[in-house]
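Trainee: The primary structure of each chain is shown beneath.
Protein chains: 2
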Amino acid sequence: MKLYDMELSGNCYKVRLLLALLGRKFDSVPMNLKAGEHKKPEYLAINPMGKVPALDDGGFVIRDSQAILVYLAGKYGAGKWWPDDANGQGEVMQWLSLSANEMINGCAIARAIPKFKRPGDLPAAQAIAKGALSILEGHLAKHDWLALGRPTIADIACYPYAALVWEGEVPLDPYPALRAWFKRIKALPGYVGMPGIDGK
Amino acid sequence: MKLYDMELSGNCYKVRLLLALLGRKFDSVPMNLKAGEHKKPEYLAINPMGKVPALDDGGFVIRDSQAILVYLAGKYGAGKWWPDDANGQGEVMQWLSLSANEMINGCAIARAIPKFKRPGDLPAAQAIAKGALSILEGHLAKHDWLALGRPTIADIACYPYAALVWEGEVPLDPYPALRAWFKRIKALPGYVGMPGIDGK
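Chains A and B, in that order, give the protein sequences.
So that you can map any letter, position 66 of the first sequence is 1020 in my numbering, and since no number is skipped, the others follow by simple counting.
So that you can map any letter, position 60 of the second sequence is 1014 in my numbering, and since no number is skipped, the others follow by simple counting.
None of these hints come from the bench; they were simulated from the model.
Each statement offered as a hint is correct.
Sample of chain B residues lacking proximity to chain A, with all beta carbon distances greater than 12 Å (derived):
{"#": "1", "residue": "Ala974"}
{"#": "2", "residue": "Gly1103"}
{"#": "3", "residue": "Arg1133"}
{"#": "4", "residue": "Arg1138"}
Only part of the chain B face toward chain A is listed, based on derived beta-carbon distances under 10 Å:
{"#": "5", "residue": "Arg1017"}
{"#": "6", "residue": "Ser1019"}
{"#": "7", "residue": "Leu1023"}
{"#": "8", "residue": "Ala1027"}
{"#": "9", "residue": "Gly1031"}
{"#": "10", "residue": "Trp1036"}
{"#": "11", "residue": "Asp1038"}
{"#": "12", "residue": "Gly1044"}
{"#": "13", "residue": "Trp1049"}
{"#": "14", "residue": "Ser1051"}
{"#": "15", "residue": "Ile1058"}
Straight-line C-alpha distance at most 30 Å; calculated DSSO-like pairs for lysine-lysine:
{"#": "16", "chain 1": "A", "residue 1": "Lys956", "chain 2": "A", "residue 2": "Lys988"}
{"#": "17", "chain 1": "B", "residue 1": "Lys1034", "chain 2": "B", "residue 2": "Lys1005"}
{"#": "18", "chain 1": "A", "residue 1": "Lys1096", "chain 2": "B", "residue 2": "Lys1005"}
{"#": "19", "chain 1": "B", "residue 1": "Lys1071", "chain 2": "A", "residue 2": "Lys1084"}
{"#": "20", "chain 1": "B", "residue 1": "Lys956", "chain 2": "A", "residue 2": "Lys1096"}
{"#": "21", "chain 1": "A", "residue 1": "Lys1096", "chain 2": "B", "residue 2": "Lys993"}
{"#": "22", "chain 1": "B", "residue 1": "Lys1096", "chain 2": "B", "residue 2": "Lys1137"}
Since we're looking at a predicted model, the values are computed, not measured.
The beta carbon of each residue, even a glycine, is placed where N, CA and C say it ideally should be.
Extracted from the complex, chain A is given alone in its bound form (with noise of 0.2 Å):
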């Protein structure tokens, strides 16, 4: 398995964690984005997104970090990270459309202005995080995991960029159910962290 990857990308680090919660080995391709490898002719015929991460596991080619975790999930995950069944999955799902959105779009955005000095809108990035972040809380003041009561994809999913988002000048001190939860994920047997994540 294959895992076309970026050391500190939280879409790649997603694929990474779970990889190691399920306990399946796989090689990492690391991807020059400054070089712009991830533009090339070779890698948009594997992504023509031109994004990180992608996966080839055995020849099934597929992209996207939310893709990439209910595919793995579904195949390696014997129904404990992601469920069989259709109330199930959408409870899941809820989590994985925010994870695609609102943490990237706020929480990823605003991490990559300042740490890889993007251009973009900085404060408007912060408050989509913010948002997202608040929603986060909200949910987790009341329930140990997003979804289904136990850990699912849907945590591995909005956990990268939550932890991340110091980096982007959103300090988490308001939020102690998310840090709560940070904890309990890092607790998790075969658990791997990545640089960053563990910086406050």
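Model the placement of chain B on the given structure of chain A, informed by the hints.
Mentor: Here is chain B on its own, set in the frame of chain A:
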């Protein structure tokens, strides 16, 4: 089954379209967004994100159009619109993520600025929209449907804001494969439209 609904919302229309294709009856609960009904405590108890659509299916309450599509297709679609296997779900999910992110932040926002007089950066949204439309066009130039070689919720999720994007002043002329796909979708048994979708 109750759908918290708004006629001109592409996200609500996605759900109405799938329900029509599935032949399921439902009660539409029209939300008056101009009057701020979606931000009142009664509705925030249903959807803390304060957005439409949300669905109440006999007490099972679910928000987010992509999550609702997964739930309804899984519950009532007998594997037709959302497959049971990991590879198939992963393949469809790639497009649900495009729908949750770029189709909203590009196509839907570009439409909302002129149509609903929403504040925002129209050229920036149009650029994201064109990127997403190019990805769809590239795929549809070689395939009749977005995933699995047949109509799925991947198509239903991406279709509305693609077909409405001309209202965001993004002409559809450069996208012949997309326009041919619109025709295939409109020919599906049970298909229903919405205002603006047949405007071009």
